[in-house]
Amino acid sequence: MEKRAEYDVITDEVAIPYEIAYGPTWTRFFEGLKNEKIYGSKCAKCNRVLVPARSYCPRCFVEIKNFIEVAQEGTVISWVLTEYEYFGMPTKPPFIGALIKLDGTDVNFLHLIGGFDLSDPEHVRKTVKNGMKVKALWNDEKKGTIMDIKYFTPVK
Amino acid sequence: MQKDYNTLENIIRLPHKYAAGPTFTSFYEGLRAGKILGSTCPNCKKVLVPARSFCPQCHANLDEFVEVAHQGEVVSWAYSDKEFFGSPVEPPFITALIRLDGTDCDFLHLLGGKGLSNLEDVQAKVKKGTRVKAVWNEDKIGRMLDIKYFEPVS
Amino acid sequence: MTSRVGIVDIAMTPGIETKENFLDQVFWTCKEVLDKAGVKREDVGTVISASSDVFHSGMSCANSYYWDAGAAFLKNGSRQDGESLFAFMYAAMRILSGSYDTALVLGVCKGSENPDNDLLTHLYTDPFYQRQVGLNETIAAALQKREYKDRYGITENQCAQVVVKNLKNALRNPYAHVKMGVEVEDVLSSEVVMDPLKSMECAPKSEGFIAMLLAKEDVARKLTDKPVWLKGYGSSMDTFYLGDRDLLEGQLKNAAKQAYDMAGIAAPGKEIDVAEICEPYGFQELLWYEDLGFCERGQGGKFLESGATQMDGKIPVNPSGGVLALNPYVSRGLYRLAEGFLQVRGQAGERQLDKKVNTALAHGTHGFAGQCHAVAIIGS
Amino acid sequence: MGRPVAIVGSGQTRHGRRFDVSYPELVKEAVDAVFENTGISPQDIDGVVSGTMPSMMEGVALTHFYFADVLRSVGKPILKTETCGSTGVSLAITGYYWIASGLADLVLVVGSEKMNEGDSQATMTTVVEPFYQRYFIAGAPGVFSMQCQEWSNRFGIAEEKVREAATRVTIDHHNDAFDNPYAHIKKKLTPDEVNNARIITYPIRLWDVCPNSDGACAMLFASEKMAKKLGLKSAWVKGVGYSGEEYWFGDSEKAIWQCAIDAARQAYDMAGIKNPRKELDVAEVYNPFTYQEMLYYECFGFCDFGEACDLVLQGVFSREGELPCDPSGGTLCTNPIGATGLNRVAEAALQVTGQAGAHQIPGAKLGLAHAMGGVDQFNGVMILGSE
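Chains as they are written, first to last, in our numbering: chain Y, 2 to 157; chain G, 330 to 483; chain V, 2 to 381; chain E, 24 to 410.
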């Protein structure tokens, strides 16, 4: 049989529908976002304030039942400017994903940084610094999703 | 506590490109030319269909193709009249294992034609050992369903 | 090789579909078993879970998602994709190696978040041949059932009696998903799904979060008065293309032989007190009786009719109601094992067998027409 | 600890865009190679461990069914291990425990991936749940860029220095790959080419990132008794370690990366290693991104935190350096995900048995193999020795 570099290729696209249950804690967290509140929870054992809100502490393995409104301002721990796009990407590039330590919390909250021109990486690099203060900017129309916060924007 | 919370629809969409490799490429080319290709294992002498690159029992490499018969006997069948994900054709359809003449394994394909339109017809006309033959589509694209289905030989 | 491996305790959710959060359910189940056994999360040796990406709510690399909910934060753990009895055995191997005193085994599957099992099992197919013909697990089972009927004269009535027996047993099982007493006529007149299979012969799609704490012999004895020991295990894989196999001569016999040899069982029909068999399609229970050596080839239907596998029979099968009553696809093997555990311990509540249960068999299968089987034997 | 466990052979495929074969045929290449290389008969194996990254990468679920025949697993017990990117090392660890438990004497372990048949980043996105993190995590590069920034910020390493060291790493590895017959990308790179390459996720540029490869790797794990009977050059498993942390990316620190530190520590403790930089002769670190490789040097105790860039620039971890890392070219040049970690183990085994050919580190007796997975969440380490 002759050897070739490539043979027949079948192209296909699968679409598999799932339906995910938020459960009580995420439901309450997203209701909070609708009202411009960011909820976290405090673990009674290690005293860490976790955000988003939790039903259990992953380290202490105890149940958590409280909801604490946390600050909407925080410090940038890390950030990344995304310049490439792939199939089904939910946020379109360019965008800046960031880990933000909201004031008074003990873990990093993952969201976007924005509110300025992202087209030039050099400009972005001069604008965004680790350790800088940012605050949440809300969308006018809220749907009870993580994107009710439009992004975090540098505090002047 | 309230027991009904929100849910989120999460549809996973993923694109794929499956490399058929040499053997299925040849098998598909065979279908396009109106042939069903199998392979003979030099070790156990079994004729396997579709064509294989190796014998699943002996693990001998197979690189010769043989054209196999378009006729055979029904080994087993399942009838469905509901559409489902991955349905090969509009329902109703009949999936079957068919032992093509001169081969040593069962070929998975569809039954159809000859008034096999409802379950009662099929139950009356199709039994274990019923002789069937391939009915081909006019337009062949080099895929499994170039054979439209196998229909009873009357 | 060190001492024996014991099951210390179990926790599991009922199979009914809920709108609870996936991670909450994992957390509660793990916490429950640890609390029952009096073991702190920090003291768990290793965590082995079972889940499968397509049966996992649309999140791949499933165990990343529930790693911390599954009590595994900063632990050495791993995961089996597919059959949950694999996870049980892998955890047992880790203990037998002498590396760990305890192991937490998890099975997670939230059926309510997934599409139909038929859609998901269609993705087992190869893209070149069987996928184009539309194969899925139900079609494969239908083809298998017709061959079974043709070759051995198994009747529709016998197949329906499996459903009647198992769903009757399920009425007494608080963890069951389907709770509905049915008669043979109900099964026979239920809707045709894929002729020759009717809807009541096919298992539902259920939720199932299950956790099991294993420990090496001396630790198990410290943690509980009633450890249940792993006695034997076997698993075996069959060839892939459906048409290359004899669907009635599969690999369960081989898996069972490995398990019996390891457990020193010579006469399974006499030595096994209860069997929990994975029968996603009712007739398969009859075929699996034969492969497990409970009766001769082709005699599965008659064996059932003899009453031998009823609750008061000589080898009761599926006192829990089996997979027909509860089908959390990936976790179902561990649910079988859990029922065996409860029966051996005498803690099966209303469905506790009216005899001393020393040895239990748990069976798991996945793949088309039983492409892969696993068998575990546990005992007091 | 359990019984001693040996690795008696391995087989790797040629890597690249392998559209010349179907997926099972690709797996078969690796399996056939390990039996050919060792002269062992497939009938003699007691069981099979199989794994890929998420099944959805290639659109076939529970691939152990699909591969049953080529894995030579028909009629045998099988385990299907999958732990995201760390699958390869998890497979090797499964093989280790199976033998160490005393339940088997010879086990075939196979990892594979055909990344070009799917969309790797689209698949990777499905690792992340759709209600919170998926919006912000731009596939694997996004995660690793954030980790890099966190790391360089935490230790005050100047961006320019990180860039310079990363450039050195990628130039070295793409050059090393020429000596590895199985490697995918082999290229003479210049600093300008690397530094001015297209930005993927700032600060990561094209040559900081591993490719999408199709490939498979098969290995045979054996008990001491079996290894003696076979009489093959064997690498011995001296230590295994694995650790994972929270799913939520922001919950744990990724600079002083505890699960990486713990995985290495478990393996070192078992192997009795006190000073890894001195005692190890070679390390096959899982390096899908240049920056991450350096972070691992620190987490694995090859150097102090914040020190890796300087040492890279001094050549400490290059082929001729004190502790050669990824002489095979590593993941950076060849990345069939489900096989990648197993490739690391296979390479370390080749090194400590003196069979690595053109990229052999002379006299290597103790090697480390590693893989990482999840949302920057899992690390697994295996230590192999020549005796």
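Please keep in mind that the hints were generated in silico from the structure rather than gathered at the bench. Check the hints yourself; a few may be wrong.
[To be verified] Which bits of chain V does chain G cover? Going by a derived footprint, with three or more residues having C-beta under 8 Å, they are:
(1) 146-153
(2) 185-192
[Unchecked claim] In silico lysine-lysine, DSS-like type, Cα no more than 25 Å apart, as pairs:
(3) G:346 with G:469
(4) G:411 with V:150
(5) Y:4 with G:364
(6) V:150 with G:457
(7) E:184 with Y:127
(8) Y:66 with V:150
(9) V:20 with Y:143
(10) Y:157 with Y:102
(11) Y:46 with V:150
(12) Y:102 with Y:46
(13) E:184 with Y:4
(14) Y:130 with E:184
(15) Y:66 with V:41
(16) Y:43 with V:41
(17) Y:4 with G:346
(18) G:457 with V:303
(19) V:20 with Y:35
[Claimed, not checked] Here are a few chain Y residues that face chain G, going by a calculated C-beta distance under 10 Å:
(20) 25
(21) 69
(22) 89
(23) 142
(24) 143
(25) 146
We put the beta carbon where it would ideally sit given N, CA and C, even for glycine.
Hint by hint, here is what the structure shows:
1. Against chain G, the region 146-153 of chain V contributes 3 residues with a C-beta closer than 8 Å to a partner C-beta. That satisfies the three-residue criterion, and the hint holds.
2. Beta-carbon proximity to chain G at under 8 Å applies to 0 residues in the region 185-192 of chain V; the threshold of 3 is not reached and the given coverage is violated.
3. Only pairs whose Cα atoms come within 25 Å are accepted, and residue 346 of chain G paired with residue 469 of chain G is accepted, the gap being roughly 21 Å.
4. Restraint check: the Cα-Cα separation between residue 411 of chain G and residue 150 of chain V comes to about 23 Å, which is no more than 25 Å; the hinted pair holds.
5. With a C-alpha separation of about 22 Å, the suggested pairing of residue 4 of chain Y with residue 364 of chain G holds against the 25 Å cut-off.
6. The suggested pairing of residue 150 of chain V with residue 457 of chain G holds, with an alpha-carbon distance near 10 Å, which does not exceed 25 Å.
7. Distance hint between residue 184 of chain E and residue 127 of chain Y is fulfilled; the C-alpha atoms sit about 17 Å from each other, no more than 25 Å.
8. Of the pairs offered as hints, the one joining residue 66 of chain Y and residue 150 of chain V is violated, with about 56 Å between alpha carbons and a cut-off of 25 Å exceeded.
9. In summary, the hint linking residue 20 of chain V to residue 143 of chain Y is supported, as the alpha carbons are separated by about 23 Å, within the 25 Å threshold.
10. Between residue 157 of chain Y and residue 102 of chain Y the alpha-carbon distance is near 18 Å, which keeps this suggested pair within the 25 Å criterion.
11. Between residue 46 of chain Y and residue 150 of chain V, the direct Cα distance comes to roughly 61 Å. Violation of the 25 Å bound is thereby established for this hinted pair.
12. With a C-alpha separation of about 21 Å, the suggested pairing of residue 102 of chain Y with residue 46 of chain Y holds against the 25 Å cut-off.
13. Proximity of residue 184 of chain E to residue 4 of chain Y is assessed by CA-CA distance (about 48 Å); at most 25 Å being required, the pair is judged violated.
14. Proximity of residue 130 of chain Y to residue 184 of chain E is assessed by CA-CA distance (about 17 Å); at most 25 Å being required, the pair is judged to hold.
15. This hinted pair checks out: residue 66 of chain Y and residue 41 of chain V have alpha carbons roughly 20 Å apart, not beyond 25 Å.
16. With a C-alpha separation of about 21 Å, the suggested pairing of residue 43 of chain Y with residue 41 of chain V holds against the 25 Å cut-off.
17. Among the hinted pairs, residue 4 of chain Y with residue 346 of chain G is consistent with the structure: their alpha-carbon atoms are about 20 Å apart, no more than 25 Å.
18. With a C-alpha separation of about 23 Å, the suggested pair residue 457 of chain G and residue 303 of chain V falls inside the 25 Å cut-off, and the hint holds.
19. Between residue 20 of chain V and residue 35 of chain Y the alpha-carbon distance is near 21 Å, which keeps this suggested pair within the 25 Å criterion.
20. Because the beta carbon of residue 25 of chain Y sits about 6 Å from the nearest beta carbon in chain G, less than 10 Å, this interface hint is met.
21. The interface hint given for residue 69 of chain Y is broken, as the beta carbon of that residue sits about 19 Å from the closest beta carbon of chain G, more than 10 Å.
22. Contact between residue 89 of chain Y and chain G, as hinted, is supported at the beta carbon level, the nearest pair being about 6 Å apart and thus within 10 Å.
23. For residue 142 of chain Y, the shortest C-beta to C-beta distance to chain G is roughly 18 Å, which exceeds 10 Å, and the interface hint is violated.
24. The criterion of a C-beta within 10 Å of any C-beta in chain G is not met by residue 143 of chain Y, whose closest approach is roughly 14 Å, and the hint is violated.
25. For residue 146 of chain Y, the interface hint holds, since its Cβ comes within 10 Å of a Cβ in chain G; the closest pair sits about 9 Å apart.
The structure shown violates the earlier hints numbered 2, 8, 11, 13, 21, 23, 24.
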